[in-house]
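Going down the list, the protein sequences come from chains V and L.
The C-terminal residue of the first sequence carries number 167 in my numbering, and the numbering is unbroken.
The C-terminal residue of the second sequence carries number 193 in my numbering, and the numbering is unbroken.
Bear in mind the hints are in silico, worked out from the structure with no lab data behind them.
For every residue, glycine included, the Cβ atom is placed at its ideal position computed from N, Cα and C.
Honestly, I wouldn't trust all of these hints.
To be verified - If you only want the chain L side, here are some residues facing chain V, beta carbon under 8 angstroms, derived: (1) V62; (2) E96; (3) R102; (4) S122; (5) P123; (6) Y130; (7) N133; (8) S134.
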Amino acid sequence: MLLVLAAELTRGGDRSRPLQLVRAAVDAGVDIAILLYGIRAYPLLDPTPIGDVDIEALADQLSMIPPIEGPSEPYRPIREGVNMALEYGYEGDAVIAVFWSAGRQPRVPVWLQGIYADNAGIGWHLVLTRPSPPRWIHRVVGEYDDRLHVIRKTTSMQKMLARILSA
Amino acid sequence: MSKRPADIVFVLDSSISMGKSFSDFRPSKVKAAAEIAARISRTRIFGHRDRVGVIIFYAFVVPLLHPTSSYEAVVRTLSRLGYTGEGSALGDAIIEAVKMLRRTQRPRLVVVFSDGELNVGSPLELAALYASNSGVRLCIATIGYEDRIRLAERLRMLQAKGLVEWRNATSMQKLESETARCIGGILASSISG
Numbered sequence: 001m002l003l004v005l006a007a008e009l010t011r012g013g014d015r016s017r018p019l020q021l022v023r024a025a026v027d028a029g030v031d032i033a034i035l036l037y038g039i040r041a042y043p044l045l046d047p048t049p050i051g052d053v054d055i056e057a058l059a060d061q062l063s064m065i066p067p068i069e070g071p072s073e074p075y076r077p078i079r080e081g082v083n084m085a086l087e088y089g090y091e092g093d094a095v096i097a098v099f100w101s102a103g104r105q106p107r108v109p110v111w112l113q114g115i116y117a118d119n120a121g122i123g124w125h126l127v128l129t130r131p132s133p134p135r136w137i138h139r140v141v142g143e144y145d146d147r148l149h150v151i152r153k154t155t156s157m158q159k160m161l162a163r164i165l166s167a
Numbered sequence: 001m002s003k004r005p006a007d008i009v010f011v012l013d014s015s016i017s018m019g020k021s022f023s024d025f026r027p028s029k030v031k032a033a034a035e036i037a038a039r040i041s042r043t044r045i046f047g048h049r050d051r052v053g054v055i056i057f058y059a060f061v062v063p064l065l066h067p068t069s070s071y072e073a074v075v076r077t078l079s080r081l082g083y084t085g086e087g088s089a090l091g092d093a094i095i096e097a098v099k100m101l102r103r104t105q106r107p108r109l110v111v112v113f114s115d116g117e118l119n120v121g122s123p124l125e126l127a128a129l130y131a132s133n134s135g136v137r138l139c140i141a142t143i144g145y146e147d148r149i150r151l152a153e154r155l156r157m158l159q160a161k162g163l164v165e166w167r168n169a170t171s172m173q174k175l176e177s178e179t180a181r182c183i184g185g186i187l188a189s190s191i192s193g
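Extracted from the complex, chain L is given alone in its bound form (with noise of 0.2 angstroms):
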């Protein structure tokens, strides 16, 4: 099996809830979730020579970079990153992620560090469509108790049809094994396929 370098966007979720802290996700989740994704691109990019892109969202989406085989950039970008606003356009911010990755041929993956809401903006099967039609892989990490992620039944279903990877964990630890390992997988099999 060859290691074909991948180029991955972490869309993080800045909106108000994001902004408290959770279990070990401190101070807030959303400084938690930039720090575990700092974690994993330094793995990335110095160990699969990946190039990593960030975008935040909460009612509105704002790309932050393009992906960048920089480690500096990534992590100069990630921590200064805090909660922003009302609103979670979680579709919205796919959209933007997988546009950001229009013009790669390398393997694409959007990963998503979220507390699973979604109020405004275009639906979730929506963004998720669009990313499997354009070849992009998805991944949504969801931080809380399952039973009380709101988006948790259409993660459900969208990961039954194959267009979403969803996993969900209450701690730092757990997060960071989870997400790496899903990018890993889904990598692995974007390079085999």
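Okay, chain V solo, but in the shape it has when bound (with noise of 0.2 angstroms):
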């Protein structure tokens, strides 16, 4: 199975949250990509078997690049983790997860997009980084509760990791 983690590259992202899922995901034998984003999104690592990836020198990485102007739209890293996964044969085997500070309302809403994924059997979930959502979350997420994940200071990675696998 692919996890597909997405951080912001813009200025308020979060870059440590999508490695925390990443050292939780360990022992889960999955394999890893990782993507950034602000109006589009970038790879960083292309799917690699979680025992291959250095996860401090991928911090190191995290820290060298610098943010760049926003908007974030995190429907982007959807459009290119769907792209992706398929372009590696993960159809059907592959979950993504947006880390996102929801700052401002994005253009275009994230459930839409994640039509795309649902299409390619491609699992998609959006991970707050704010302690709770704003008031306009449901035009992002649309009916989709069950995609939205907030983390607050009790939040267990794991048992996120492991909901966000076994949705």
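Hints in hand, dock the two standalone chains.
This is how it looks when you write it as structure tokens:
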């Protein structure tokens, strides 16, 4: 199974949370891919067995990359993640987790691009890096409340990973 | 040492500044860079059985030719190039080139010709790291006086980290020889490593 993690490349984006999920996934035996995004999404790491990923080197890499101007459009990594999963033969066997600060309402709702993922049999999840969702979040996720995760102080990344992988 | 054919993608900056002449880069830097890329391609295709692809970029990235062993196709593509528009998305262009090389098992190399501007798209650091993570080597050849290359500081840092081989030149002959040496050195180490 492929787990695609997307972190915001824009100012205010949190790049440490996706790494926490990578650490939580070490025992899950999945393959990992990393995307960074702003208005567009860019690959940093193509699908790689998690045992081959040097997480500390990945942390160094993430700290090397300067932020770009916003806004962040979380639908973009879903599109890029689906295309990557299909290109590498993970159709029906991949899940995308987009970490997002939800600083402003995006132009394109995530649920709409999520249809593309659903049709490819690829799961998608939105992980908010703020403690509570904004009021307009329903416009972003539509009916898919179960795809929305919020990171609070007490949140266990292991449990979140289990929910994401089992959904 | 066995000679293993490689896949090389030439990435040419076709932004407005590359449409101007400089030193003996005439009639324009982009035309001269295309001429150099064609000459190097001839050596690589016929001498080393490599395949060559071509991408151009300005604010947008345009893939033109997937890696091929057809020298005619490479020359036909390169001979049509001129400057195309404003902006310089160097990082995006490198990422596109690495994606173009995803499916090959050969040693892989991206060679960039630019005057060292970057003002839109993804950071150069991200592109260089993605190339490195994907096992694709990166040679960046810039045209101009070194102290006026805007990306010089970042290129030096990336070169120090082993993510980029950077060459700069103020004449066509120097750029061609430096780039050919850069390609030869990288591919020799890829084959022996």
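We went through each hint and held it up to the structure:
no., hint, result
1, V62, "16 angstroms, violated"
2, E96, "10 angstroms, violated"
3, R102, "7 angstroms, holds"
4, S122, "5 angstroms, holds"
5, P123, "5 angstroms, holds"
6, Y130, "5 angstroms, holds"
7, N133, "5 angstroms, holds"
8, S134, "6 angstroms, holds"
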